[in-house]
Structures are given as C-alpha cells and as structure tokens.
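From first to last, the protein sequence lines are chains Y and P. In terms of our numbering, the first sequence has 212 at position 212, counting the first letter as 1, and numbering is strictly consecutive. In terms of our numbering, the second sequence has 110 at position 110, counting the first letter as 1, and numbering is strictly consecutive.
Simulated from the structure, these hints should not be mistaken for laboratory data. Accuracy of the hints is not assured; some may be wrong.
The list treats identical chains as interchangeable, and a pair is accepted whether it falls inside one copy or across any two copies.
Claimed, not checked - With a cut-off of at most 30 Å between alpha-carbon atoms, the simulated DSSO-like pairs for lysine-lysine come out as follows: (1) 186 to 372; (2) 132 to 262; (3) 162 to 327; (4) 145 to 262; (5) 262 to 277; (6) 162 to 372; (7) 92 to 77; (8) 327 to 366; (9) 340 to 132; (10) 186 to 162; (11) 77 to 299; (12) 299 to 262; (13) 92 to 299; (14) 363 to 277; (15) 288 to 8; (16) 340 to 8; (17) 301 to 327.
There are 2 protein chains.
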Amino acid sequence: MKDSVFLKITRFEDAFTQIQRFAHPIDEGERIRVSEVFNRVLSRDVESPIDVPHFPRSSRDGYALVAADTFRAAEDKPVTLHLAGEVHVGSKPNIGLRRGECAKVSTGAMIPEGADSVAMIEHTEEDHETVKLYRPASPGENVIKIGTDLRAGQLVLKHGRKLTVFDSGVLSSLGLSEVEVYRKPKVAIISTGNELLGAGVRLEAGKVYDVNSVTIHQAVTASGGIPLDLGICRDDFARMADIVRSALVSSDVVLVSGGTSKGPGDLMPKVIQQLGKLDLYIHGVAMKPGKPTILSSIKGKLLIALPGYPTSSLIVYYALVDPLIRKMAREQPFELQRLKVYTATKVYSEIGRREFKPCRISKRDKGRILVKSMPTGSEAITTLANADGFMVIPENVEFLEENEEVELYLFPQRSEEIDCTKGGTQ
Amino acid sequence: MKDSVFLKITRFEDAFTQIQRFAHPIDEGERIRVSEVFNRVLSRDVESPIDVPHFPRSSRDGYALVAADTFRAAEDKPVTLHLAGEVHVGSKPNIGLRRGECAKVSTGAMIPEGADSVAMIEHTEEDHETVKLYRPASPGENVIKIGTDLRAGQLVLKHGRKLTVFDSGVLSSLGLSEVEVYRKPKVAIISTGNELLGAGVRLEAGKVYDVNSVTIHQAVTASGGIPLDLGICRDDFARMADIVRSALVSSDVVLVSGGTSKGPGDLMPKVIQQLGKLDLYIHGVAMKPGKPTILSSIKGKLLIALPGYPTSSLIVYYALVDPLIRKMAREQPFELQRLKVYTATKVYSEIGRREFKPCRISKRDKGRILVKSMPTGSEAITTLANADGFMVIPENVEFLEENEEVELYLFPQRSEEIDCTKGGTQ
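Sequences and hints are given; from them, build the entire structure.
What follows is the structure, given as structure tokens:
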C-alpha cells in the first residue's frame, strides 16, 4: 500500500463522528424468558396483571381471628376462642370464621373469610379445641393486605430500564414467563483473503489461519451485539459482492476484514462502491494502525471494512466499532482504566495520524511505572495478548522522549492484576 | 418461627468462613470452541503446534530477490534483474529464484526459494520482464522469517490464564479450533413450598408465583456458575429427599429455598439430616434477613438452604453463596462500590445479628446523600428492585441515629446512574 493513493484521508475524530451519526439504538423488541432478562433493556412498560399479594396473608405463625373478640384479653384474664380449623400455606381456607372463633395459620397462609387479625402464637395457649388469648389483637395486625406490594394495573417497571436480577424477581412474582426487551444488534462478520484457512484444517505453504473471524466474534459479543459468522470469503469480486449484499439484509452492521488497501488486489473498495448510493464513504482514516479502514453506509446500514492484520483489525474495532455497537445495544460506553506512566525508551510516532500503541509495563522505577511500546505489524499476533494496555499518541506528536509522562489505557484483565494504587495514579 | 428454637445460631463471619472451607476451584477441564473462550480460564498450557509465521512472508509490496545481487545498486546506477514471475498472497510460489532474478510479491505473500530480501516497490521500476533496482537491498529486509512470532513447541499461554479476546486471536493463529478450560460449577436450584406456582399458570387463592427459581438462576449465571433448574418441589419429605439426593449427584452445589425454619411444617432440616454424615451443618446464621439459612456439606458437596422469602433469599445468596460460586469458578470477587452517606431517619437494628438493610437514596442535603431503609419481609417483592444499595449494620449496633454517617454498598446498575463524584465520596 503506497501512502500516495490515500488522497482523502479522514481525521480520526471526524471518522468517529461520522460513524456515530449512523449509530441509532435498535428500536425493535423481542420476547425473552424472564429467567434470561439480566442486563437486557425493557422495550415496553410492564404493568402488574395482579394484586401482590393477591390474597390476605399472615405474616406470622399464629391464630387468625376477629380482633374485636380479643379487646378485653389480658395476661390475668385471657379470652377463650373456639379453634375452628387450620389453614395451611398454599391452600384455600375451607372455613369462614364467625365471632368467637379462630383458625390456626402459618406464615404466608391465607387469612380465612371473617378474620381481620392474627395473634402471634407466642401470646396464646392452645388446648384441644380452644385457644386462650392473653393480649388483645388489633385489626390488621400481622395481616398483609391484598395489593400491599403491587396493585393490579400499577406501572411496575418502565420501558428503557436495564433489568437486574432483582427486577426479574418482581416480574416473576407477577407470574410473567416472558417479557419484551430491545433486541441486540446483529453484526455480520466476514473475513476475506485467499491466504486464509479455517481452524482445524491442515496448514499449507503460503496460507495462514483466519484470526479475525474469531476475535471479532467475541469482541462483538462483549460489546452487546450478536455475531453472525459468515466465514471466509476468497478474493473474488462476485463472491464478495454476493456475501456483502446478503449480509446487509440479514444484519444491522456488516464488518469485513482484509482487502481494504488501495492496491490492485484489494477488492473491498470496489465491492462497496458498486452497492449503490452510499450515504457515507470514508476510505482511509488518519490512525495507526488502521489507515486502510473503510467506513460506509448504504440505506442507513453501516458496512465497515477493517484491515486484515489481526492486531490492526482489533484496534480499529475497539476505537471505532465498539462504541457504535454499544450505542445500538443501549450498553454503557466501555471505559478503560487510565494510569499515569512513563516511557521506558523514546517512542516514535507518525505525524498526522493518531497512534494507538500497544505497550507493556517494563518495570517500576522509584515509584514510577515504565512502559515499552510493542509492534503491531503482521508479525505481531502475540502483541495484544502480551500487552498491558496502550498509549494514544496525538496526531501532532512526532515522538515521546524517554521518561516522558503519558497515560496508559489499561486492558481490563490487567487492571485486576496490577495494583494501580502503587505509584501509578499518585 | 420462634427465636428460642435457634439454640446454636452461628455468627455471620463464622458461617462465611465455614463455607469458604469447602469452596475449592473446580479442577476438571472441558473442551470448548476457541470462539467462546472469552473470560474462561485455561486448564492446560498451550504450546504452539506450528511456527508462526510458518513460511517466510513479505512485509511489503515489492520484489523478492537475492540481496547480494543488489549491493552495487545506486540512484544513478540501477541494477537490472530478470522478473521471473509473481507470488500471490495465499499461494505457494511455483518458481525458485536464481542469481540475477526477482519475483513480484504482495504484502503477506510467501518469499520464493532462493530469495532472501524484498525491495519495496517504491524503490524499483518494472519494465516488461526486467526490474530496475535503485538502492541496494540488505539480506532479510522486509522478510518476516519463519517463527518470528511463535516457534513450534513454544509455550504460548499458561494454564490458569483468564482468556481475553486477544488470546483467542493467538489461539486461532495456531489453527486451534478448541481448547481446554476449567468447567464452570454446576449449581442445582430447587424451590420448595406447596404455595408455589410456576410462571404462566393461572393463579389460585392461597398460592404465589415462584420467584427464587428465576432470581437465583440469573444470580448464579452472573457469579460464573451454570444453573441447573430443578423446579418447584412440594412440601413432601420423600419427594424433597429424592430431588435433593439426585441434585447432589448432578451438580457441584445445591441451592434449595424455602422450608428452612424450625417449625413443624419446615421439612428441609429433616431432609438434610437424613442424607448421611454431614461434614458441616449450620442451621441459623446471625444475619438479618437470613436467620433460618442452613449451610451443610455431605461428602464435600455443599447444600445450602436459603430462606423462602425472595428478598431474604437473594440477600443470603449475595452475602454467602456468590463468593463461594466465584471461588469455584475462578472469578474475581464481586466488589460493590461504596459510598459515604447519611441516614435520613433513625434506623433500628437487632443486636446480635449482622443486618443487611436495603436502602434508597432519598435526597441530597448540603452535599450529603441521605438514605432511607426499606422493608425486607414477605410484603417486599419490590424492595430490592427499588433499592439503590444496602447498608451493613454490625452485630453490636442497636440503631443508627438520624444523620449518622454510614457506608452504602451501591448496586451496580445504580453506580452507572448516580454521579458518585458529587457529594458522596469527598
């Protein structure tokens, strides 16, 4: 790829803004089981179809009774009631109480017709078919009335709410088995290149195993999208056009990798150009790695072509695509922890491009954390796996001096391992 | 439930420690697809089965050649080589180079036999079957040698590593389609009670919909476990004993809810007692809510009986069970954000029990955040859904004064919504 062919390279900030213009939260809903709602976003208000509780319940083990019968009860002068029966938890009472009667109830049992109060078992004495009360009971005591927690028709959870485990409890207390949430964005993933082989097949000279299908799949899931794996496509114009066209139909966003440069063998720009009228077309972003990235939109649907190199492809994904998918999925933006560090060596950068430099913590020196930058080319499959994070070097910076202060964006798994309170942020 | 029957109530800290004694990370592995490894923990070292790259690759578009042929090349005195052919990306070269020859190569293409260097296209001029070189090429220039990134047999990722998206890229570059990770703990979930109905069925008098099956299912997933839903069991000794016994076989941990008090209708203590020799048996934990909790272990397998009330059940889950499942699943402990707040009203607590009080931020007052406590009884299905977090009131505290400083453990979804930098933590 010669630099000269990128005539209209777009600034990183502008590329980011352009994509965001097409990033709309998905508005369609889908019904899912209440046992799977955790972290999903409700797309409709939920009103309670029932009163909760929907029958008067006892909050104690004791005796359901008519409070007025007990007003004169005292420690030295108990009131005696006739024990008319018992109500078990989960059963409908087969008795109604008349004045002078009581029924044994357990916590959670239904209060029988006629009763308005429950005396705690501790304040009573049962003897054959009678119960002695040593204290007056007041009306409503130890009775949870119908609808105390929720009323039928009451708004319970509002649309737009990100559902918690607790919310799923509320939904199931209403007897709901399904609920409508916003569906997740479907993201088609296509790797292109004659050199690519799928996992598990025998390696041939000149070929390499496809990495991007696997990494982008998992990155999309983590961003809140549903990956649609469309596999590997050979560098063949007609095939690429076919698969891209059908991907635009079946998904909300299409991610292609490989074939994005402006060389004669790089077909993706031509494939995209012939899709029809493009609402957006940016070929070349002033970032490093990631210059050959293509951002395009046809009929409002985004098609993004990432560079073929796995590290470049992932860096462009996190810098430009992850914020897009999260917005469509109504997920919070992903924010990396930042750490104040110092360069272990002089670091060169390219003027005019925003550089995302993977780097590794090399040592601590007098309370300072020193970092070394790492390669991002084709020889660098292991770079991101070994990196602790990355630095962002602005467009107007040509180099960082040795021992220059800089911010490290720490990868999440490293945040767990590195004690950031020591030396880093002070 | 009378307090007096809990003769040997166990301190919360001791209960926690006892469970942890039985919490061992799962040691068995399982093979999963490399496209699903994100956040899983490798159970075996992975060594590279191949060199990466496994053929010498060009890192540039240009001409593969014998460097020694070009040592005398200069701007004003180019060296002319015979163009013997072209190597496409993904193809095995069908030519070998002799002295005086070169072959056109694209970035990523295999270097043909005999060549040891690639001249960048920018420093050459092609004319029919000859190529003029205007600069000397040095041996190895623009050639990525076999095994530059990884050597066959080299240790690539160590067992115990929590895999990232980047790691999945390394694994797929090796052509691996599967990898062995520690399996997740299987957690059986059983709700008990004659009053319970499953979702979607018609409500009857005296019955309530089962909540714990749904909430605990999702809580277990979030802790890193695999929930095994065993449904609702009636209060029937033989049935309960059967289901618990088979759950102990099919899972790593059994979670039961309901029937845990010491009343005559509460069967769970009896069911557990007849399972055989128990390595651990705690009935009654000095916490609120959650006193009737049962912690037991038979042949090293934990069986935990949670209270039936949904809020109590979830609070005990998060306080005692979540740390257990996370340890078994090799997940990081779940740490809630803490916020310095003040009580909006006087808050009563029970001496001798550690109280977990759900509460809600009621207002801000002169930069202070005020919180109100919320009910946790059977009438409180909505409490946790509406709470912003909870306070922990120690065993020796009988009440908190109005306007007393206290720590709020903020629920995660609230951390996103509440700007904690304002007034809270300063």
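Of the numbered hints stated earlier in the document, which are not met by this structure? Of the numbered hints, 1, 7, 8, 9, 11, 13, 14 and 16 do not hold.
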